[in-house]
Amino acid sequence: AQSVTQLGSHVSVSEGALVLLRCNYSSSVPPYLFWYVQYPNQGLQLLLKYTSAATLVKGINGFEAEFKKSETSFHLTKPSAHMSDAAEYFCAVSERSNTGKLIFGQGTTLQVKP
Amino acid sequence: GAGVSQSPSNKVTEKGKDVELRCDPISGHTALYWYRQSLGQGLEFLIYFQGNSAPDKSGLPSDRFSAERTGGSVSTLTIQRTQQEDSAVYLCASSFQGQGATPLHFGNGTRLTVT
Numbered sequence: 020a021q022s023v024t025q026l027g028s029h030v031s032v033s034e035g036a037l038v039l040l041r042c043n044y045s046s047s048v049p050p051y052l053f054w055y056v057q058y059p060n061q062g063l064q065l066l067l068k069y070t071s072a073a074t075l076v077k078g079i080n081g082f083e084a085e086f087k088k089s090e091t092s093f094h095l096t097k098p099s100a101h102m103s104d105a106a107e108y109f110c111a112v113s114e115r116s117n118t119g120k121l122i123f124g125q126g127t128t129l130q131v132k133p
Numbered sequence: 054g055a056g057v058s059q060s061p062s063n064k065v066t067e068k069g070k071d072v073e074l075r076c077d078p079i080s081g082h083t084a085l086y087w088y089r090q091s092l093g094q095g096l097e098f099l100i101y102f103q104g105n106s107a108p109d110k111s112g113l114p115s116d117r118f119s120a121e122r123t124g125g126s127v128s129t130l131t132i133q134r135t136q137q138e139d140s141a142v143y144l145c146a147s148s149f150q151g152q153g154a155t156p157l158h159f160g161n162g163t164r165l166t167v168t
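As you go down the protein sequences, you meet chains R and Y in turn.
In terms of my numbering, the first sequence opens at residue 20 and continues consecutively.
In terms of my numbering, the second sequence opens at residue 54 and continues consecutively.
By construction, these hints were calculated from the structure, which means they are not laboratory data.
A virtual CB, placed ideally from N, CA and C, is assigned to each residue, including glycine.
There's no promise every hint is true.
[As the list claims (entries may be wrong)] For the chain R half of the interface with chain Y, some residues (derived, Cβ under 7 Å), not all of them:
(1) PRO49
(2) TYR51
(3) LEU65
(4) ILE79
(5) GLU85
(6) LYS88
(7) THR118
(8) GLY119
(9) LYS120
(10) PHE123
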């Protein structure tokens with residue numbers, strides 16, 4: 020079965036610093052990969068997705084992620100953190116099937132310090 | 054509507070009572086999913102609908118949980134004889150076709166508290 024591991028349940032950065040949120044997946048076949056963000060008391064919002072077109076994927080709010088097959092990773096980065104980036108971030112994998120079901124990692128809470 | 058709508062937004066119930074949670078997906082989305090989000094458990098898949106059929110119910114934790122979808126639109130998740138461990142946020146999501154590359158659109162969830 021597919022699984023997703025997010026390293027670090029909490030990450031703290033200073034405003035303006037690099038954001039790096041780690042995600043590794045387990046799958047025998049490169050799956051579809053997603054990053055979602057969740058603000059307090061809200062649902063999940065799609066940040067970006069990888070569907071095999073390009074390994075470097077750009078998303079909303081200045082985020083991007085790079086698919087590395089050799090490392091089975093899909094880490095999320097942003098060059099300069101903003102206070103409004105404070106939220107919980109989820110990495111998810113979808114099987115190459117006809118259901119679209121997502122398997123989520125445990126989530127990483129990003130804290131941005133002024 | 055413009056997005057996935059869930060009601061109620063909050064529900065407090067006594068242990069042993071039945072509850073119904075409602076989800077209105079985005080118009081035209083044939084796929085609908087229910088997830089449960091609880092502390093320490095992350096986001097757990099519960100059930101997937103394609104149209105009115107549920108080809109994947111593998112995440113329903115017990116026979117106290119059931120869901121239905123009517124008219125290819127609204128879905129109801131029912132929890133019978135609620136237990137304290139059912140306390141969680143229940144998220145509904147929909148997508149256009151339910152295929153692997155299609156992102157899911159989430160509602161804001163229903164926060165269920167069982168006292």
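Would the hint on GLY119(R) stand, with a C-beta cut-off of 7 Å toward chain Y? holds, 4 Å
If you take the shortest Cβ to Cβ gap from LEU65(R) to chain Y, is it below 7 Å? holds, 5 Å
How about GLU85(R): closest beta carbon in chain Y under 7 Å, or not? Because about 18 Å separates GLU85(R) from the closest Cβ in chain Y, which is outside the 7 Å limit, the hint is violated.
Please check whether LYS120(R) passes as an interface residue: C-beta within 7 Å of a C-beta belonging to chain Y. This interface hint holds because 5 Å falls under the 7 Å limit.
Does the interface hint hold: is TYR51(R) within less than 7 Å of chain Y, judged Cβ to Cβ? Nearest chain Y Cβ about 5 Å off; hint holds.
Should the interface hint for PRO49(R) be scored as holding, given a Cβ-Cβ cut-off of 7 Å against chain Y? violated, 11 Å
Would the stated hint for THR118(R) survive a check requiring a Cβ distance to chain Y of less than 7 Å? Hint on THR118(R): holds, closest Cβ of chain Y at ~6 Å, below 7 Å.
Min Cβ distance, LYS88(R) to chain Y: is it shorter than 7 Å? With a closest approach of 17 Å, the LYS88(R) hint is violated.
Using 7 Å as the Cβ threshold, decide whether ILE79(R) counts as touching chain Y. The hint is violated - ILE79(R) has no Cβ within 7 Å of chain Y, the shortest such distance being about 12 Å.
Going by Cβ atoms only, is PHE123(R) closer than 7 Å to chain Y? This hint holds: PHE123(R) lies near chain Y, its Cβ roughly 4 Å from the closest one there, short of 7 Å.
Hint compliance for this structure: hints 1, 4, 5, 6 are not met, and every other hint is.
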